[in-house]
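Add chain D to chain S, keeping to what the hints say.
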Amino acid sequence: MKTSTTARIGLRTVALGYLVLLIAVPIVLILWRTFGEGVGAFVDSIRTPAAISALNLSLLIVAIVVPLNVVFGVGTALALVRGRFRGRGLVQAVVDLPFAVSPIVVGVSLILLWGVDGWFGGLERLGIKVIFGLPGMVIATLFVTLPFVVREVEPVLHEIGTEQEQAASTLGASTWQTFWRITLPAIRWGLTYGVVLTIARALGEFGAVIMVSSGFPGVSQTLTLLVHSRYIDDHNTYGAYAAATLLMGLAVLTLLGMTALDRKRSKT
Amino acid sequence: MTTTTNHARRGDTSTEGSSLPPRPHLPLGDGADSLPAAPPSSRRTGVARPLGVGLVGLWLSVLVLLPLAALTVTSLGEGIGGFWHAVSAPVALASLRVTVLVAAIVAVVNAVMGTLIAWVLVRDDFPGKRIVNALIDLPFALPTIVASIVLLSLYGPNSPIHIHLNATQPGLLVALAFVTLPFVVRSVQPVLIEVDREVEEAAASLGASNWTTFRRVVLPTLAPAVISGTGLAFARAIGEYGSVVLIGGNIPRKTQVASQYIQQQIEIDRPLNAAAVSVVLLAIAFVTLFVLRLFAGRSLRREEDAQ
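Quick note, the sequences are listed as chains S and D, same order.
Under the numbering used here, think of the first position of the first sequence as 1, with each following residue one higher.
Under the numbering used here, think of the first position of the second sequence as 1001, with each following residue one higher.
Chain S on its own, in the form it takes in the complex (with noise of 0.2 Å):
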């Protein structure tokens, strides 16, 4: 289809103008407004202590959810492309559950499960605080992260087939020395690209979290609850400004270490 050139400029200029209005124009507006009172204002913006507190817990929750999506994404993948076992079906639609489910509901079900009347309340009266505690908001990051692992691994786990995991085990290596030296090694760049996946989305997440912590600044506030609450309770409009920036730049880091990872993993 050759188009003329001026339908190819007509539609350039259209699909241009869409995304620099939705896209390009909004965010170097706050990157303006972010840094035009200076770059000092903008880290002292950042580093007031609740702000520390913030990034540190959303930081904590990374450094929990991650190993916990490796071991069972991973045990989930393999138990879905070499298990026979019945169910499988089951199991596939389970894993895929979470992208359909809106965050909101992930928070309303775990109160409702969890919470001091959930069907686990007990654990609250032994004094577990699971809701608006460290531990709900685990779990919400866990929920709304839980396919990443599992839907990065899978593919290269079907692709790299048994062979040399049965070569392995006939030379007489056990199953745990066949995982670490042949299988961990063929999954490792899928696995590195979910675990990217995980860390952009714990650290965004908002819907689901905000249901489930107490959200008191500088003890259960994530980075996502600070913009809010600067935005909404302490009309902080160039706080809210200075902390979206932040999450922006952490946005930016994965979306470039996802590029890189894509290359290195087509080449291999």
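The reader is advised that the hints may include incorrect statements.
[Stated by the list, open to error] Taking beta-carbon pairs under 8 Å as the criterion, some of the chain S residues facing chain D (in silico):
| hint | residue |
| --- | --- |
| 1 | Arg12 |
| 2 | Gly17 |
| 3 | Leu19 |
| 4 | Leu22 |
| 5 | Ile27 |
| 6 | Ile30 |
| 7 | Arg33 |
| 8 | Asn56 |
| 9 | Leu60 |
| 10 | Val62 |
| 11 | Val227 |
| 12 | Gly249 |
| 13 | Thr254 |
| 14 | Leu255 |
Quick caveat, the hints were computed from the structure, so don't treat them as lab data.
Idealized CB from N, CA, C, for every residue including glycine.
For chain D alone, coordinates are given in the frame of chain S:
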């Protein structure tokens, strides 16, 4: 083989963020999963296997299934009548109506603009195209609350161009269009790259106008990708919260979306109302994804028949 894996990967890059899986991940039932089937029970070593499967099952149940079960049971706490009463409360119903309406409009906007952007990115050439291409993924990488703040800075109370969309339905539209942008673009782009351009040239040499060629030749090839991307964007928009929470205004019957209504009902301690509307939201998302899966299965079969 290499090209197909590349495409699968191109699709993968769009799964980040709080997104639904793009096409490569849409499970097409068990048949599609057993691609290069591993030899059955290759390394069955004693109890390790059943134990592992059991652990995985337990993990998924506690993490995902039990919470959703608690949600469903709570929503039916006062029987079907109670569920219906909660869902048909005027404000609840209005929030669902606003949600579906706005999500449907956003889905249509995405179908048109997403296809157009994908077209420009594949068929056109201009300086800075790579940067534009990278920009597409940004909405998936950005936290939703950041999307909210970012849009408010241009369309909110401090707007430098004096467009004030906060607490209006167009504000909701802009927020949802922002977060769902990548779905259609990233699902149409790989298909457009693969399209056989000879057919288009043949149509043109037989005297078809550009518009006819597009409608009769290009669009039918792109249709499955457009529909799948649009459906995923719709499902995402239905449940969206973070990006609309600041710009939406949360005005009951006007701009309050279902997720905001649910959040409000939890705050005023009406778990049954929250659970019931949650179940409706879940049902809409499931039906959307189920229809998409049926559709994907059918067009896959048609493709195989054609070969």
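Okay, the hints, checked on the actual structure:
1. A hinted interface residue such as arginine 12 of chain S counts as satisfied when its beta carbon comes closer than 8 Å to some beta carbon of chain D; here the least separation is about 5 Å, so the hint holds.
2. The interface hint given for glycine 17 of chain S is violated, since its Cβ lies 10 Å from the closest Cβ of chain D, which is over the 8 Å cut-off.
3. Annotation: leucine 19 of chain S was flagged as interfacial toward chain D, and the flag holds, the nearest CB pair being 6 Å apart, inside 8 Å.
4. For the restraint placing leucine 22 of chain S at the interface with chain D, the shortest Cβ-Cβ distance is roughly 6 Å, inside the 8 Å limit, so the hint holds.
5. Taking 8 Å as the C-beta contact cut-off toward chain D, the hint placing isoleucine 27 of chain S at the interface holds, the least distance being around 6 Å.
6. Because the beta carbon of isoleucine 30 of chain S sits about 5 Å from the nearest beta carbon in chain D, less than 8 Å, this interface hint is met.
7. Residue-level restraint check for arginine 33 of chain S holds (minimum Cβ-Cβ distance to chain D is 6 Å; threshold 8 Å).
8. Given hint, asparagine 56 of chain S at the interface with chain D, is violated; its Cβ is 17 Å from that chain's nearest Cβ, farther than 8 Å.
9. The interface hint given for leucine 60 of chain S is violated, since its Cβ lies 17 Å from the closest Cβ of chain D, which is over the 8 Å cut-off.
10. Restraint check, valine 62 of chain S versus chain D: the minimum CB separation of about 13 Å is more than 8 Å; hint violated.
11. The interface hint given for valine 227 of chain S is met, as the beta carbon of that residue sits about 5 Å from the closest beta carbon of chain D, less than 8 Å.
12. Given the 8 Å rule on beta carbons, the hint for glycine 249 of chain S is violated: about 10 Å separates it from the nearest Cβ of chain D.
13. The closest approach between the C-beta of threonine 254 of chain S and any C-beta of chain D is roughly 6 Å, which is under the 8 Å cut-off, so the hint is satisfied.
14. Of the supplied interface hints, the one on leucine 255 of chain S holds, with its beta-carbon coming within about 5 Å of a beta-carbon of chain D, less than 8 Å.
Figure legend: structure checked against the earlier numbered hints; hints not met, in rising order: 2, 8, 9, 10 and 12.
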